[in-house]
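Each residue of the sequence shown is one higher than the last, beginning at 1 in UniProt numbering.
These are calculated hints, taken from the structure and not from any lab test. Just so it is clear, CB atoms sit at the ideal spot from N, CA and C, and this is done for glycine as well. Any given hint might turn out to be false.
Stated by the list, open to error - Quick list of the computed label-pair ranges, beta carbon to beta carbon:
1) 16 to 41: 17 to 25 angstroms
2) 98 to 393: 48 to 56 angstroms
3) 16 to 104: 13 to 21 angstroms
4) 480 to 104: 52 to 60 angstroms
5) 69 to 124: 23 to 31 angstroms
6) 392 to 124: 31 to 39 angstroms
7) 127 to 310: 47 to 55 angstroms
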Amino acid sequence: MAEEAGKASGIEKFDGTDFAYWRMQIEDYLYGRKLHLPLLGTKPESMKAEEWALLDRQVLGVIRLTLSRSVAHNVVKEKTTADLMKALSGMYEKPSANNKVHLMKKLFNLKMAENASVAQHLNEFNTITNQLSSVEIDFDDEIPALIVLASLPNSWEVMRMAVSNSMGKEKLKYNDIRDLILAKEIRRKDAGETSGSGSALNLETRGRGNNRNSNQGRSNSRNSNRNRSKSRSGQQVQCWNCGKTGHFKRQCKSPKKKNEDDSANAVTEEVQDALLLAVDSPLDDWVLDSGASFHTTPHREIIQNYVAGDFGKVYLADGSALDVVGLGDVRISLPNRSIWLLEKVQHIPDLRRNLISVGQLDDEGHAILFVGGTWKVTKGVRVLARGKKTGTLYMTSCTRDTIAVADASTDTSLWHRRLGHMSEKEMKMLLSKGKLPELKSIDFDMCESCILGKQKNVSFLKTGRTPKAEKLELVHTDLWGPSPVASLGGSRYYITFIDDSSRKV
1 MAEEAGKASG IEKFDGTDFA YWRMQIEDYL YGRKLHLPLL GTKPESMKAE
51 EWALLDRQVL GVIRLTLSRS VAHNVVKEKT TADLMKALSG MYEKPSANNK
101 VHLMKKLFNL KMAENASVAQ HLNEFNTITN QLSSVEIDFD DEIPALIVLA
151 SLPNSWEVMR MAVSNSMGKE KLKYNDIRDL ILAKEIRRKD AGETSGSGSA
201 LNLETRGRGN NRNSNQGRSN SRNSNRNRSK SRSGQQVQCW NCGKTGHFKR
251 QCKSPKKKNE DDSANAVTEE VQDALLLAVD SPLDDWVLDS GASFHTTPHR
301 EIIQNYVAGD FGKVYLADGS ALDVVGLGDV RISLPNRSIW LLEKVQHIPD
351 LRRNLISVGQ LDDEGHAILF VGGTWKVTKG VRVLARGKKT GTLYMTSCTR
401 DTIAVADAST DTSLWHRRLG HMSEKEMKML LSKGKLPELK SIDFDMCESC
451 ILGKQKNVSF LKTGRTPKAE KLELVHTDLW GPSPVASLGG SRYYITFIDD
501 SSRKV
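Kindly produce the complete structure, drawing on both the sequences and the hints.
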């Protein structure tokens, strides 16, 4: 009986690895054939001793037939089923510190390779978590979900960012992440894509730029080049544009068909990616793009602090390359009349869209939340910007008459700030002396910063005043407030005392 059961079980011989999986198989097999009582180790009262001894010996034989020779030699002296399982558990399932460290290290070092099977990767992950559970290490449901997301390769960054941003403060669930990843792989296979493709915007740096985004872009370019070369190697793929084999439609160098939009820079059709539209962008419209490596705009006139130079190339999804000719800052005036400053915006004249990079915002410490067809960008407790979903894109618009443009250097308010919030009287004096040739007149609105700082319109005295000789002979005091933002302790006012002699506060 034992020999037949061992052959019919289909259970792989246990060789000392993955004890939890082997135990699950052997227990399921024995329970399915009503041979499980010896596993409990206690003889039922209704069973005779001779019947119990025979049953226990039969089950012992079944279990031994599922052990490899190296493992069986270690438990050859065990005479009962309960003693055998106890011995195996002590050797291969004992929750020792070394075993726990080994499994935890194995879990955190698990990384999915490019183009690898998602199902196989999840099987490896589940195997390790089951082994950890057998040594009394269990995780909250969100922890496995986060570890799985972190273990995905770089080609899954867009999906990983979209999932992270869409959840907000809600906890991730492992089953939801598992199903999402598997569905994503199915869509990629149906579209004929490899897991290394799908990046909407990559950067190749060959200029002298020394900022962090340039370095990051250089790496992205190498990855994209490798991915494109791998895709071209598929000789059985037929192009839907020219009909030739060996490349995909998005890699085709032949002219596009007449029914396609010739003005398209990049069009991808993955459901969960933030994508580029193949239309010209109005000056005031900006798109939040989770696939872009950095903020970009084709409009030179809206960039402040502009630095011209060779900052590399941008590769679009259709394989075309665009030059990055400069960078600077852009001030976006939002519909709620607030100003949003975007730093390190790349100038790409041939691009068709103003793009706000979700990845760059995340690197700068911002939090981005997408929910209910709306989005908002926060930093700490402060909401910097918000907008609505238009079609499949998350966009923001600003009024043309309030957008900050580069020739705003002729604006009086800008020079007021550049000169340390100089008074209107002093600026008119400089203008009369020809020190401000860019300005034709001095006319600026109320400055909120000057009001909060209690800045006066008059200049300093032309003659100095001798400080008092004795300490505390004269003390200057001032009460400031209320502050628009309360302190951590809830205060909105502060008072200062300055000694005129020592100038100490």
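Status of each hint after checking the structure:
no.	hint	in the structure
1	16 to 41: 17 to 25 angstroms	23 angstroms, holds
2	98 to 393: 48 to 56 angstroms	52 angstroms, holds
3	16 to 104: 13 to 21 angstroms	20 angstroms, holds
4	480 to 104: 52 to 60 angstroms	53 angstroms, holds
5	69 to 124: 23 to 31 angstroms	26 angstroms, holds
6	392 to 124: 31 to 39 angstroms	34 angstroms, holds
7	127 to 310: 47 to 55 angstroms	50 angstroms, holds
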